[in-house]
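Q: Generate coordinates for the entire structure from the input sequences, incorporating the hints supplied.
Heads up: the protein sequence lines correspond to chains D and S, in order. Counted from 1, the first sequence has number 2 at position 2 by our numbering; the numbering is strictly sequential. Counted from 1, the second sequence has number 170 at position 170 by our numbering; the numbering is strictly sequential.
Everything labelled a hint here was simulated from the structure, so no lab data went into it. Here the structure is a predicted model, which is why all the values come from computation and not from measurement. The beta carbon of each residue, even a glycine, is placed where N, CA and C say it ideally should be. Treat each hint with caution, since some may be false.
[Claimed, not checked] Footprint (simulated), chain D over chain S, 3 or more residues, beta carbon under 8 Å:
#, segment
1, 63 to 77
2, 144 to 156
3, 177 to 186
[To be verified] Reference excerpt, derived from the structure (chain D facing chain S, CB under 10 Å, subset only):
#, residue
4, 10
5, 11
6, 18
7, 19
8, 34
9, 35
10, 38
11, 118
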Amino acid sequence: MEGAQRPLELILARNFLTSVTTPAVLVDGEGTLLFYNEAAAALLGRSFEEAGQMRADEWIRAFAPVDEEGEPLELDGINLAGALKSDRPAHSEIRIRTASDGYRALEAAALPIVAAQGKASGAIIMFWTRTDNGET
Amino acid sequence: MKVKIWGARGSVPAPGPTMNRYGGNTSCVQVTFRDESQLILDAGTGIRALGLELAGAPRVAILLTHLHLDHIQGLMFFHPCFRPECEITIWGPSSPEASLEDRIARYISAPLSPVEVRELPCSVAFNDAPASEWRIGDVTVRAEAVTHRGPTLGYRITDGETTLAYIPDHEPALGSSLDDLADEWISGYDLARDVDLLIHDCQYTDAEYPAHVGWGHSALGDALKFADRVGAKRALLFHHDPLHTDEKLDAMAAEAAERWRAMGRDPETIALAREGDEIEVNAPGPAVHRAREGRSTFGTTAAPQVSTRG
Ligand SMILES: [Zn+2]
Ligand SMILES: [Zn+2]
Numbered sequence: 001m002e003g004a005q006r007p008l009e010l011i012l013a014r015n016f017l018t019s020v021t022t023p024a025v026l027v028d029g030e031g032t033l034l035f036y037n038e039a040a041a042a043l044l045g046r047s048f049e050e051a052g053q054m055r056a057d058e059w060i061r062a063f064a065p066v067d068e069e070g071e072p073l074e075l076d077g078i079n080l081a082g083a084l085k086s087d088r089p090a091h092s093e094i095r096i097r098t099a100s101d102g103y104r105a106l107e108a109a110a111l112p113i114v115a116a117q118g119k120a121s122g123a124i125i126m127f128w129t130r131t132d133n134g135e136t
Numbered sequence: 001m002k003v004k005i006w007g008a009r010g011s012v013p014a015p016g017p018t019m020n021r022y023g024g025n026t027s028c029v030q031v032t033f034r035d036e037s038q039l040i041l042d043a044g045t046g047i048r049a050l051g052l053e054l055a056g057a058p059r060v061a062i063l064l065t066h067l068h069l070d071h072i073q074g075l076m077f078f079h080p081c082f083r084p085e086c087e088i089t090i091w092g093p094s095s096p097e098a099s100l101e102d103r104i105a106r107y108i109s110a111p112l113s114p115v116e117v118r119e120l121p122c123s124v125a126f127n128d129a130p131a132s133e134w135r136i137g138d139v140t141v142r143a144e145a146v147t148h149r150g151p152t153l154g155y156r157i158t159d160g161e162t163t164l165a166y167i168p169d170h171e172p173a174l175g176s177s178l179d180d181l182a183d184e185w186i187s188g189y190d191l192a193r194d195v196d197l198l199i200h201d202c203q204y205t206d207a208e209y210p211a212h213v214g215w216g217h218s219a220l221g222d223a224l225k226f227a228d229r230v231g232a233k234r235a236l237l238f239h240h241d242p243l244h245t246d247e248k249l250d251a252m253a254a255e256a257a258e259r260w261r262a263m264g265r266d267p268e269t270i271a272l273a274r275e276g277d278e279i280e281v282n283a284p285g286p287a288v289h290r291a292r293e294g295r296s297t298f299g300t301t302a303a304p305q306v307s308t309r310g
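A: Below, the structure written as structure tokens:
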């Protein structure tokens with residue numbers, strides 16, 4: 001039987017994200033964006049219902065993360081990818097493109113979700129707007 | 001495939017004169033396959049009476065959904081455990097913390113029990129339920145984690161063309177309405193998809209549920225929605241709240257039939273489980289008879305007149 005359903009830990013993670021007001025996204029083990037919550041939608045200027053699930057290359061293009069020097073980042077260049085590849089948490093300072101006000105400086109923390117098989121089935125990434133050096 | 005209900009109560013045994021028709025014993029379901037082999041689903045207090053019927057069985061296989069007491073309490077009173085010639089195999093959820101045997105031994109040990117697991121006269125093997133489908137004889141079994149409190153499995157059991165799903169403790173609507181979720185985000189969806197018979201949690205009425213969100217169980221409305229979403233051909237609602245009397249459960253059965261009809265489904269294909277129910281899973285229509293009352297399990301909505309259960 002073909003499996004249509006996500007593993008329980010991702011279902012519960014999505015559930016959790018809908019209940020918090022910290023902007024947060026849920027990605028699977030390949031970096032595909034599976035879901036983001038309403039707080040993240042406010043940041044990105046686009047609801048998840050509108051955007052839908054996106055492969056890693058699609059959301060990289062849509063949100064255009066850049067590093068401190070303004071250079072575009074690929075998934076591997078984002079420290080957060082490490083959370084998926086090495087099952088380790090990761091913290092990163094990035095800037096992303098938002099719908100309303102150009103680029104915004106963010107801090108991001110990624111937590112791998114490891115369940116029964118001992119391998120990350122995805123990660124929760126939470127975002128905080130940086131206040132030290134302001135928005136660009 | 002035949003199913004017999006030995007216990008349909010949730011949480012704690014609830015015997016008493018107002019509980020006689022639906023029964024007070026906790027979760028236990030006996031499944032008999034085409035080749036007469038059997039599986040037992042959960043070992044709530046219902047398994048005690050089943051054990052007496054299995055007096056001569058050389059081998060017994062038990063699938064535990066989880067280790068809450070209402071699903072294992074009968075183990076210590078299960079007659080085959082005390083027969084040296086009997087081989088018992090028990091599957092259950094794995095845990096990073098301790099083996100299945102060690103976790104069950106917390107109950108079957110002093111001071112809670114007069115015997116220790118290692119003292120049981122039978123030969124007993126404890127297995128973590130595999131992460132992928134496995135076979136027990138000619139039957140295919142699949143276990144998946146489902147939303148409850150603590151590590152909990154549901155089971156999908158296939159014998160030839162016939163499939164049963166057993167998800168007695170389940171809160172798929174936790175945190176979001178099932179109406180708002182795509183299939184892939186519904187706990188238990190794959191386990192229950194297109195089954196001939198779904199046995200599913202229905203602990204609460206819709207009015208009771210808001211005070212019990214996060215307790216790991218379903219309201220009637222969510223149980224019906226889940227059964228419909230997965231395309232279950234028939235559904236047997238299970239794990240009745242210990243506060244629900246026969247009268248209350250009759251009212252819930254009538255409501256279930258009415259709402260099922262309103263969802264465009266045949267009300268003959270929904271029922272509340274009662275201790276003693278025997279169901280021929282792949283029989284067409286409401287071909288199931290409640291022997292005690294001479295009426296069909298499915299489609300029974302009126303309150304029966306008498307109780308004959310001893
Ligand atoms: Zn239970
Ligand atoms: Zn439970």
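Q: Please go over all the hints and tell whether each is borne out by the structure.
A: So, going through the hints one by one against the coordinates:
no.: 1; hint: 63 to 77; result: violated (count 0)
no.: 2; hint: 144 to 156; result: holds (count 4)
no.: 3; hint: 177 to 186; result: holds (count 4)
no.: 4; hint: 10; result: 8 Å, holds
no.: 5; hint: 11; result: 5 Å, holds
no.: 6; hint: 18; result: 6 Å, holds
no.: 7; hint: 19; result: 6 Å, holds
no.: 8; hint: 34; result: 9 Å, holds
no.: 9; hint: 35; result: 8 Å, holds
no.: 10; hint: 38; result: 13 Å, violated
no.: 11; hint: 118; result: 9 Å, holds
When each numbered hint is compared with the structure, violations occur for hints 1, 10.
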